[in-house]
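Enquirer: In case you want the letters, here they are:
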Amino acid sequence: MSPEEREALLASFALGTLSAPDAADAERLIRSDPSAAAEVKRYEEIAELIALAAPLHRPDPHLRERVLAAARRDPAVRRPRRLHIPVTRLLPAAAMAAALAVVSVWAVNLQAELKDLRDETALLTAVVESDAKRLDQLAVERDSQGDISIKLQTALQEQQLITSIVADPEARSFELEPTESAHGATGSYAWSNAADSAVVIVRSLQPIGFGSTYRITLADRWGNPLAAKSFTPDEFGDAQVVIATPAGSWPQAVYVFATNEDSDSKTPDGPVVLESVSINP
Amino acid sequence: MTEPRLRRPGPIATTDSAPPVLPDLAAIQRPVSRVPSTTVDERRQRAEQDAVLVSALASGEVGALEQLYDRYSALVFSVALRVLHDHAIAEDVTQEVFLRIWRQPGSFDPARGKFISWISSVARNRALDEQRRLSRRRRAEDQDEDPVADLPADGRGDDPAGAAVLAEERRRVRAAMTGLPPAQRRVIELAYFGGLTQTEIAERTGDPLGTIKTRVRLGMRKLRETLADLVDDERSGGNA
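Line order of the protein sequences matches chains V and H. Read in the working numbering, the first sequence has 138 at position 138, and its numbers run on one by one without any break. Read in the working numbering, the second sequence has 508 at position 227, and its numbers run on one by one without any break.
The hints are simulated quantities; they were obtained by calculation from the structure and are not laboratory data. One should not assume that every hint holds.
As the list claims (entries may be wrong) - Residues from chain V shown here face chain H by an in silico Cβ test under 8 Å; the list is partial:
1) Ser-12
2) Arg-42
3) Ile-46
4) Leu-49
5) Ala-53
6) Ala-71
7) Arg-72
8) Asp-74
9) Arg-203
Stated by the list, open to error - If you want the footprint, here are the derived chain H segments under chain V, 3+ residues with CB under 8 Å:
10) 385 to 391
11) 484 to 498
C-beta atoms are modelled at their ideal positions from N, C-alpha and C, and glycine is treated no differently.
Could you build the full structure based on these sequences and the hints that come with them?
Expert: And the structure:
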């Protein structure tokens, strides 16, 4: 490859104008040559500036209020709320002491129920959002690539598994805990013994460099790995991953971690970004 | 089991691994209107303010979203409109981009570059996705709009000093683009705003693929030379 060809390949890669095979060539070059990676980075910075060349237009002034109003009522963002219950107005002072004890027990139970409901709601919301996104992606690929029958078949099979997991009343679901490496990433997990499958939905994972990938590992209560799967988040760091678990196994721990692309280890060999809290059967 | 037991590796080493500090939004009040001349320091200051505003989104500060919208809605909308050529859909994309930021502020990493670069890329990618989804890909050269024509500033921006900084960068980039030979500029615009591959550009323009590759190379190299100081500024100041 001549210096001109090399420069053309890297500049075009940064501009996002390469066909898939050429882009693969560029990625190989970038992985193997640090100077190529630096050059691409430089060209990417230039490519990002090109957006500023777009003729200046302002959106309708009403859009501003629409965006802010949508943000204020956005259920995807949880904010602390205060619950104001005018208990003193409802109960006579004489009954207050006795009622407090009852209310305390009731509140503990209610909190537990609410937590379960929140977990279920979060999971269902995450599943629906991920499905919508996947359909969008498939629609895009249909337009750009024509034949997507294999991808569609895979998506349908995974969707059937997800449906089985979510519909299983015995399924176990919970939110994954972000580690200090999460940097804003969140995740949900559900596993069904009947379906022998788990679904992990992650959001806002940080981008990682060439040669690295994200992987999910499920482990039993003793820490022995049961299943693992690598995945690539989309541009927003989101992904929905379905993992088959061995029949009869009982996953107790979930780890989402960054690892080397070439590694096939089921054990986290890179930084963990999301993990399950300790669970006892 | 032949696999070893799980062990808990250490954290990812990043520049922002320190405990998060709640931003002081009061410290990011909109600056008073100033003479619209910008310096590297002003651009860095704006990049730092952007990073603080984005971090404020994580705690649900609508005011932070409001300020980011005032700073960048015109840019996001302009990029979307340039790609889609449809006001209504471009507004939908603009709304989607800002709500995405609202819901997932963590998807922007200040350590990897400036917010303006990131949001421009997000706007462009979402617009291209929408264009493909709706099967509305059009011949960019068929549009009656001059690719480098601009609307006059109408003074409606709510962030005059921020707008001045952005306007200066836009002026520089547009000057660099108009300074390219028309054939090179056209190829780069078809690639960036049209989302076309080199092969598709060659089919569309009727030029040999090798010619398209050369034009991309020469055009990008010229932009790199002309805009070197903006990129250097981004590298040194965007990571603040």
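Enquirer: Each hint should be assessed against the structure and marked as holding or not.
Expert: Consistency of the hints with the structure:
1. Against a cut-off of 8 Å between C-beta atoms, the interface hint on V:Ser-12 holds, since the closest Cβ of chain H lies about 5 Å away.
2. Interface hint status for V:Arg-42: upheld, as the beta-carbon distance to the closest one in chain H is roughly 7 Å, under 8 Å.
3. Evaluation of the V:Ile-46 hint against chain H yields a held restraint, the C-beta minimum of about 5 Å falling below 8 Å.
4. With 8 Å as the threshold, the beta carbon of V:Leu-49 comes within range of chain H, its nearest partner Cβ sitting at about 5 Å, so the hint holds.
5. Checking V:Ala-53 against chain H: minimum C-beta separation of about 5 Å stays under 8 Å; hint holds.
6. Restraint check, V:Ala-71 versus chain H: the minimum CB separation of about 5 Å is within 8 Å; hint holds.
7. At a threshold of 8 Å, the smallest CB-CB gap from V:Arg-72 to chain H is about 6 Å, leaving the interface hint in force.
8. Look at V:Asp-74: its Cβ gets to within about 7 Å of chain H, closer than 8 Å, so that hint holds up.
9. Proximity of V:Arg-203 to chain H holds as hinted, the smallest CB-CB distance being about 6 Å (cut-off 8 Å).
10. Taking a C-beta to C-beta cut-off of 8 Å, the segment 385 to 391 of chain H contributes 5 residues in contact with chain V, enough for the three needed, and the coverage statement holds.
11. Taking a C-beta to C-beta cut-off of 8 Å, the segment 484 to 498 of chain H contributes 4 residues in contact with chain V, enough for the three needed, and the coverage statement holds.
Going through the hint list in order, the structure satisfies each hint without exception.
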